[in-house]
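Colleague: Next come the chains, spelled out residue by residue.
Number of protein chains: 2
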Amino acid sequence: MQNKTEPRTLSGFMELLPEEQILFDQIKETIESTYKTYGFLPLDTPIIELSEVLLAKAGGETEKQMYRFNKGDTDLSLRFDLTVPLAKYVAKNYGNLSFPFRRYQIGKVYRGERTQKGRFREFYQCDIDIIGDENLSINNDAELPSIIYTIFKKLGFDDFTISINNRKILNGLFQSIGQKENSSEILRVIDKIEKIGKEAVIQELRNLDVKEDQIQKIIEFIEIEGDTKEKIQKLKNLNLQNEVYNEGVEELEQVIKKVRLFGVPEANFKIDLTIARGLDYYTGTVYETFLNQYRELGSICSGGRYENLAQYYTDKKLPGVGVSIGLTRLFYKLNELKLINVKQKSISKILIIPMIEDLEIPIKLATKLRNLNISTQIYLNDKKLKAKLKYADKLEIPYVILIGEDEIKENKVKLKNMKTGEEKKIDLDEVKIIEELE
Amino acid sequence: MQNKTEPRTLSGFMELLPEEQILFDQIKETIESTYKTYGFLPLDTPIIELSEVLLAKAGGETEKQMYRFNKGDTDLSLRFDLTVPLAKYVAKNYGNLSFPFRRYQIGKVYRGERTQKGRFREFYQCDIDIIGDENLSINNDAELPSIIYTIFKKLGFDDFTISINNRKILNGLFQSIGQKENSSEILRVIDKIEKIGKEAVIQELRNLDVKEDQIQKIIEFIEIEGDTKEKIQKLKNLNLQNEVYNEGVEELEQVIKKVRLFGVPEANFKIDLTIARGLDYYTGTVYETFLNQYRELGSICSGGRYENLAQYYTDKKLPGVGVSIGLTRLFYKLNELKLINVKQKSISKILIIPMIEDLEIPIKLATKLRNLNISTQIYLNDKKLKAKLKYADKLEIPYVILIGEDEIKENKVKLKNMKTGEEKKIDLDEVKIIEELE
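Chains as they are written, first to last, in the numbering used here: chain V, 1 to 438; chain H, 439 to 876.
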């Protein structure tokens, strides 16, 4: 006998059992259908691109994680996000698109990170972006949280918070205390306050040679408390006399006001002055989303406003705003925490079990049910009745229709509710059967 | 000013404009929802696998076309079909699956073929397979054509034919004329008869040292004419006294008989004794599907029965039957032939255009419509009315709702049908609006 190859799946790559896949697909479908209700257009870009295209904006950490290889003479890479391909796409197809260009994309991206529990090398991102031509109203920044809100409500969550901030506020603050040059480093430190605490942040700021009075200002700033209205007022009270800062506060006030209009309840959003989202990409509004009882999950939907989507490919100024859900990780974590549960093990609603040789009646019935869009399987293999019922049981198919000699003589079928065990003879008439199912 | 990178997409990689993507997604959705009605379970396997796993069955042509590379010390490849990953999956998860295991998978696969018009290096395959444990009834072979039939009918086609054959008939024939050893080569030649014609086939058979009386038998066989019933009769009349042959004829007769029961009209299937589908993979029933007026497209949905899905990974005997639609190529060809056409350029059914500062009413209306699952966009940017209407026009959004001072005073909105140009003031009441849309 021939040697067998071990049927392994790479670590860091999610491969689900069918019942988990059904659940995964349902969540994906909820996200996609919500994106569609908001009028976003679909996009599907290649997974492989020229490395030169993906690396137009020089890489850093991302570049190291890329799956990069040669095919013939061509230097190729797998996409590591959906934003860079979007930028390429918009630059390439500029003349054929209508702006504001609203697109969604749900697809796999690749990052060769060190594998660890809950981290994936292949994972789905579910992105939406609204791209303007030259300019894009701040109103769009206020619409996105309502989309995040709708999705997580539909997924059955109530206790989540969309944190909103504006990068200009932080940038203006740093300018005003003469720390513009160090702003990236300072942001990196501030970003960690949730994880490492205030004292450690102060220490790290000292390590960056930030002066004590500046540190005090920064801490004073990130400790601003209160409801959204109070926070906005306190930001204004700081009276920083910095144009960028004031613009940021003004924008944040606008966004917050309109987020309410867009129907996000007070309980589901807040201003969080500590979030910065990446270090040089975002330029205005930024978002993160947290399940309040599971902050340890990190942000489950993030994004923000950027000044210029495609500057590495085109001279056109294309400002945009977008958010992304890292679906694979989210699914893994929700599943681990048992916040989502497999609800169905099969797609089929009905299993037809023929107990006769002639398949004419069973097949005709199946065809009718399928035409009514009821997922139906016929048990087509030679097995004992017990094995056939066990199959329905294992797959948790809710109904079984048994068709035997006796039933056919009476022009009836036997409908069995697999949950209750209840059996009923009913007319061999799809309308009657449908009524029974409902 | 910084140098720009040219925003290129690799040749052989499909990247569609949004309106084409909408159409592509609709076709994909038709395929997927049909698969679901037949109770197939979803599967989503990684695009990257260990090369050793994908190449468990030694490669040939496929191996040369693979995207293969190292990441660290690991020898990786991109999947070149969905069948090998399925085999791995079933072998790996055998204990957690219920058999017959019916799964569908729609995903991208990769083949670094020489690029040419209509050939893709990244393309979608849409697969279904039914896998048995130890055995699988021939009834399943009869069910698959009904799924192919349903899909192409739903896609709007009438004049297509599902060609059905059985590999055992061919194998038995070769055995009986003492050409078992050469059967692969002979099949390869026969497979070309449509393309190169009878005379060229005879010549190529001579080149293979097939004797004249054997050639005559082969030609006699592949020239069997008539309706399905006649063909079966003629196959029996050949009286080959070969067990494999007789088994094949018997199976084919069964499948043909039941394909009818499964509701495929006589006009949409036939026996075609020349199709063989690959050379060593399939072992029984084989299928190809042709648009009769566009035979040059080649088969648009193919597959067949195999004895043992996962023999390279496990000792379990797992016979199966499946078909696959090469969606990317199909879409490209149908589009090129104008057999499918972009029907909508937007997802949105309604564009709300606020002509007032205060967005409260426009947003509330949008939220209500979205909750009713009507895809709605609000024009959120500062533009002249003309530009806003042009946006709706370019995206072919069917309805525009204009909300201005006057309308609000009357508690009304203006609904404009963008196709007819008709404008109507109606109550600001989503029910009234819905009625108007229908």
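Hints in this document: simulated from the structure, not taken from any laboratory.
One thing to keep in mind: the hints can contain errors.
Simulated DEER-style distance windows between Cβ atoms [claimed, not checked]:
no., chain 1, residue 1, chain 2, residue 2, range
1, V, E436, H, I657, 56 to 66 Å
2, H, E834, V, G226, 40 to 50 Å
3, V, K425, H, D865, 46 to 56 Å
4, H, K862, V, K195, 28 to 38 Å
5, V, D406, H, E834, 54 to 64 Å
6, V, K195, H, N811, 58 to 68 Å
7, H, K847, V, E422, 56 to 66 Å
8, H, E795, V, G226, 19 to 29 Å
9, H, N746, V, K386, 26 to 36 Å
10, V, A200, H, K847, 36 to 46 Å
11, V, E436, H, A825, 28 to 38 Å
12, V, K154, H, E798, 39 to 49 Å
13, V, K229, H, A825, 48 to 58 Å
Far from chain V, by Cβ distances over 10 Å, these chain H residues were calculated [as the list claims (entries may be wrong)]:
no., residue
14, E487
15, V491
16, K633
17, R644
18, E681
19, S737
20, K755
21, E798
22, E873
One-sided excerpt, in silico: chain V residues whose CB lies under 10 Å from chain H [what the hints assert, rightly or not]:
no., residue
23, Q21
24, P100
25, N140
26, E143
27, N207
28, Q293
29, Y294
30, Y399
Where is the CB? At the ideal position from N, CA and C, for every residue including glycine.
Colleague: A separate judgement is required for each hint: does it hold in the structure or not?
Modeller: Results for each hint:
1. E436(V) <-> I657(H): 56 to 66 Å: Hint holds: Cβ distance 57 Å, inside 56 to 66 Å.
2. E834(H) <-> G226(V): 40 to 50 Å: holds, 47 Å
3. K425(V) <-> D865(H): 46 to 56 Å: holds, 52 Å
4. K862(H) <-> K195(V): 28 to 38 Å: Given range 28 to 38 Å: violated, Cβ gap about 57 Å.
5. D406(V) <-> E834(H): 54 to 64 Å: holds, 58 Å
6. K195(V) <-> N811(H): 58 to 68 Å: violated, 40 Å
7. K847(H) <-> E422(V): 56 to 66 Å: holds, 60 Å
8. E795(H) <-> G226(V): 19 to 29 Å: holds, 28 Å
9. N746(H) <-> K386(V): 26 to 36 Å: Cβ of N746(H) to Cβ of K386(V): about 27 Å, so the range 26 to 36 Å holds.
10. A200(V) <-> K847(H): 36 to 46 Å: Since A200(V) and K847(H) have Cβ atoms about 58 Å apart, the given range 36 to 46 Å is violated.
11. E436(V) <-> A825(H): 28 to 38 Å: Since E436(V) and A825(H) have Cβ atoms about 56 Å apart, the given range 28 to 38 Å is violated.
12. K154(V) <-> E798(H): 39 to 49 Å: violated, 24 Å
13. K229(V) <-> A825(H): 48 to 58 Å: violated, 35 Å
14. E487: violated, 7 Å
15. V491: violated, 6 Å
16. K633: holds, 29 Å
17. R644: Holds, since 36 Å exceeds 10 Å.
18. E681: holds, 21 Å
19. S737: Its Cβ never comes within 10 Å of chain V, the nearest being 24 Å, so this holds.
20. K755: Per Cβ check, K755(H) is outside 10 Å of chain V; nearest 13 Å; holds.
21. E798: violated, 5 Å
22. E873: The assertion about E873(H) holds, with a minimum of 20 Å to chain V.
23. Q21: Status holds, d = 5 Å.
24. P100: Constraint on P100(V) satisfied, holds at 6 Å.
25. N140: holds, 5 Å
26. E143: holds, 7 Å
27. N207: violated, 33 Å
28. Q293: At 27 Å from the nearest chain H Cβ, Q293(V) fails the 10 Å test, so the hint is violated.
29. Y294: violated, 25 Å
30. Y399: Violated - the Cβ of Y399(V) stays beyond 10 Å from chain H, reaching only about 12 Å at its closest.
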